[in-house]
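*Asks:* Quick note, the sequences are listed as chains A and B, same order.
Those letters in the first sequence? Residues 1 to 184, per the working numbering, in order.
Those letters in the second sequence? Residues 1001 to 1642, per the working numbering, in order.
Treat the hints with care, as some may be off.
Claimed, not checked - Derived Cβ-Cβ restraints for the label pairs, each shown as a range:
#, chain 1, residue 1, chain 2, residue 2, range
1, A, 53, B, 1405, 31 to 41 Å
2, A, 1, B, 1589, 43 to 53 Å
3, B, 1331, A, 42, 31 to 41 Å
4, B, 1260, A, 152, 57 to 67 Å
5, B, 1311, A, 127, 55 to 65 Å
6, A, 157, B, 1360, 40 to 50 Å
7, B, 1483, A, 102, 54 to 64 Å
Said to hold, decoys possible - Facing chain A, a subset of chain B residues (Cβ under 10 Å, in silico):
#, residue
8, 1066
9, 1203
10, 1235
11, 1241
12, 1245
13, 1248
14, 1252
15, 1256
Since the hints were made in silico from the structure, they are not lab data.
Cβ atoms here follow ideal geometry from the backbone N, Cα and C, with glycine treated the same way.
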Amino acid sequence: MWLFLASETLFFGGLIGTYLLYRDASVAPPCATDCTFDGVTYQGLYDIPFTSVSAFVLLMSSVTMVLALAAIQRNDRRGLQIWLAATALLGITFLAGQAFEFTEFYHEGLALNTNLFGTTFFVLTGFHGAHVSVGVLILLALWIMARRGRITNENALNVELAGLYWHFVDIVWIVIFTLVYLIQ
Amino acid sequence: MAGLAIEQPAPTLGQAIRRIREEGATYQGLWSWLTTIDHKRIGMLYGATAMFFFLVGGIEALILRLQLARPEQTLVDPDQFNRLFTMHGTTMIFLVVMPLSNAFFNLLIPLMIGARDVAFPRLNAFSYWTFLFGGLFMMASFFTGNPAGSFIEGHLGAPDGGWFGYAPLTRGEFSAGTGIDYWAFGLLILGVASMAGGFNFAVTIINMRAPGLTLFRMPVFVWMTLVTSFLIIFAMPIITVALFQILFDRIFAANFFNVAAGGTPLLWQHMFWLFGHPEVYILILPAMGIVSEILPTFSRKPLFGYPFVVFSGIAIAFMSWGVWAHHMYTTGLGSVANAAFGVSTILIAVPTGIKIFNWLGTMWGGSISLKTPLLFAVGFIAMFTIGGLTGVMHSVVPSDYQQQDTYFVVAHFHQVLVGGALFGLFGGIYYWFPKFTGKLMNEPLGQLHFWGMFIGFNLTFQPMMILGLMGMIRRTATYEDGLGYGLWNMMSTVGAFVIAASVLVFLINVVVSMRSREEAGADPWDGRTLEWGIPSPPPAYNFATIPEVNALDPVWHEKYVEKEAGETVPAMAGGADLHAAEGETPHLPSPSIIPLIASIGPALIAAGFIYIDNPWVMPLIPIGAVITMVGLIAWALEPATE
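Please model the entire structure based on the sequences and the hints provided.
*Replies:* Shown next, in the form of structure tokens:
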């Protein structure tokens, strides 16, 4: 699992590196922050308060994930179910926020093929969103298994591995949020 | 490779699985191969498939050589020439050398570390089937036609961007048709297979070694497999990102490599070579491991400087991450960057040189038995040294400016990949063939194969060195008369056909040897590592009792004791008897068809995306996704053993 995550780090490293390389390289609007083309100033697209909230949601989901693992390690099956469901719900909330953000940007004229910002932004955050989606599926599968009583503290390793993946996806978002949204 | 006989009437899956369980390795029906999770069988499947692709890639090379044999020929047009050399390079690297190395990982790693299988046997089967479908998927591009998508017009639809597919030349406006899509998706699918294999072998080697087998008692081949696995794990994600980017550009009109939108062509080159240079070592390190096993056996001496060989392998792997821009000297990175990468490239020759001297030291003063495996190993050392030295020539920036894109470069990398990797791999085939088939390969035919290949190889590629220094440019479909290229090109073409003939000798040898009645026995070469301590071919469970390892070269120490003066005498008795205790059959994981099913999905998804505008083909995306999902869920729910 650690090897897999190490490998994933390079995957996101490539995507984030591309985004950073192409920051401010767009030759057409719209942009992440206010920019000027041919004397016309275009308003930036980023809505930092909104994204901060959704980043916070994802961050909290790591807390509930830790609680889920702690619950099953002391063989508290009910606690496991509750915290797994909470983690999945927080993940879904984050995804909904991302879907809202994507549609909002699209309505303001940013598509995958509009400019370099659109290309790099959507592909980077889209791949992250895909990873979150996979994580949510894993969490839901675990939740169903937990409801059927198939998870005990003996095979808590499954929960631990899912947790590792989930924390990784979360950390990647912290990096993306910092490098892509906050540092301009 | 042993008889793929289909029994009549065909048994159902359930019946077949029952027979596989009851009869074990003796049951050879079709289902037993489709459902196998036995690392030895998967290794054989890898080997046989790689050999098939080797013949395809070889035929492509022969067509290229025929075209270039004389000036201004028109056997193929420039467009077909582009497609052929692209597929030749891609096939030989991703569908021949990598899977052939993988065949050896599969066959040998569990045996060498005293395990009954790899850590994740079903994932291993999944790797193989994904590799097979990825390879076939890429090959299918030949039949897709270009650019109208017609099967009939006689166009080749294969990719035309060269094996490193430089963007933006691979964007839709410069490479119409679907060739590049097949190429990029094919590499993505093959990447999944390689990554799964990389994780599997890294975990296997770290976690499943027999008691007493500390890291520094592992055979060098196991070490090199571990190093290669790590390289795969870290290099593949980078090419994955680059391939996704070019596919987004091609299919969804994204702008990653769109220069008009501010994109830079150098992005692809950086990403590709940051993957591509470690990839070079992914190709060569397994062969180095094989050679490090062959030399001690046939010199009857332990490997000279074992820790140096291991550490230089590790050093090469680390340094391989810091040399990628030596492929890009002429792109204008600036003299500081060029100088830095030039120095790092020169430095990586140091651990490589250490290995070469250790190999020579291994043979020095040994009682050498010049059998075919050793011939190939020695051929490897000689040819790889020339290849390595020409590599050092390239690392010198001003010299490289002259050699960039000439046949000198072509000669150099064939020198390391054919003279190096392939010679090593062939040596490995001759060396371990008796272990897995129970039959020795025919020695006279083997010698004929070696000398044919050795002479043919030098006849093909040494003239290319001269051509390159004369200024002949690679990747050009023909050349004018009167430049003085004709003679050397003709020599090179003749050499290519000599290689082809020698490969034919090899194939004949495989058939002849398989049919031979003579049994090789467990230990025909007087071997040193664990696999020689069990019967040939090994039973399905490999080791009846898991051995305990007390030294490097455990089987050797079981057979011989060392006297004070350093001479060895046969051991009288005692030591761990690896083939005893034939009592209870160890419990093995059950065969499974699910890895095969799950591996069909990615190719279907890829086909759906390539023809996303076609309402009849597009539904393959959800279908493929469902197949993969259902496969993975069934995989998770299926008990690993009954």
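*Asks:* Each hint needs a verdict: does it hold in this structure or not?
*Replies:* Results of checking the hints against the structure:
Look at residue 53(A) against residue 1405(B): about 53 Å separates their beta carbons, and that is not inside 31 to 41 Å. In this structure the supplied range 43 to 53 Å is violated for residue 1(A) paired with residue 1589(B), their Cβ-Cβ distance being about 20 Å. The given range of 31 to 41 Å is respected by residue 1331(B) and residue 42(A), whose C-beta atoms sit roughly 33 Å from each other. The hinted window of 57 to 67 Å between residue 1260(B) and residue 152(A) holds, with their beta carbons roughly 59 Å apart.
For the pair residue 1311(B) and residue 127(A), the supplied restraint of 55 to 65 Å is violated, since their beta-carbon distance comes to about 37 Å. Checking the proposed 40 to 50 Å range against residue 157(A) and residue 1360(B) shows it holds: the Cβ atoms sit about 48 Å from each other. The given range of 54 to 64 Å is respected by residue 1483(B) and residue 102(A), whose C-beta atoms sit roughly 57 Å from each other. Given hint, residue 1066(B) at the interface with chain A, is violated; its Cβ is 40 Å from that chain's nearest Cβ, farther than 10 Å.
Taken as an interface hint, residue 1203(B) checks out: its beta carbon lies about 7 Å from the nearest beta carbon of chain A, inside 10 Å. A distance limit of 10 Å between C-beta atoms decides the matter here; for residue 1235(B) the minimum to chain A is near 8 Å, and the interface restraint holds. For residue 1241(B), the shortest C-beta to C-beta distance to chain A is roughly 3 Å, which falls under 10 Å, so the interface hint holds. Hint status for residue 1245(B): holds, given a least beta-carbon distance of 7 Å to chain A, under 10 Å.
Because the smallest distance between the Cβ of residue 1248(B) and any Cβ of chain A comes to about 6 Å, under 10 Å, the interface hint for this residue holds. At its closest, the beta carbon of residue 1252(B) sits 5 Å from a beta carbon of chain A; the interface hint therefore holds under the 10 Å criterion. Restraint check, residue 1256(B) versus chain A: the minimum CB separation of about 6 Å is within 10 Å; hint holds.
In summary, the structure is inconsistent with hints 1, 2, 5 and 8 from the numbered list given earlier, while agreeing with the others.
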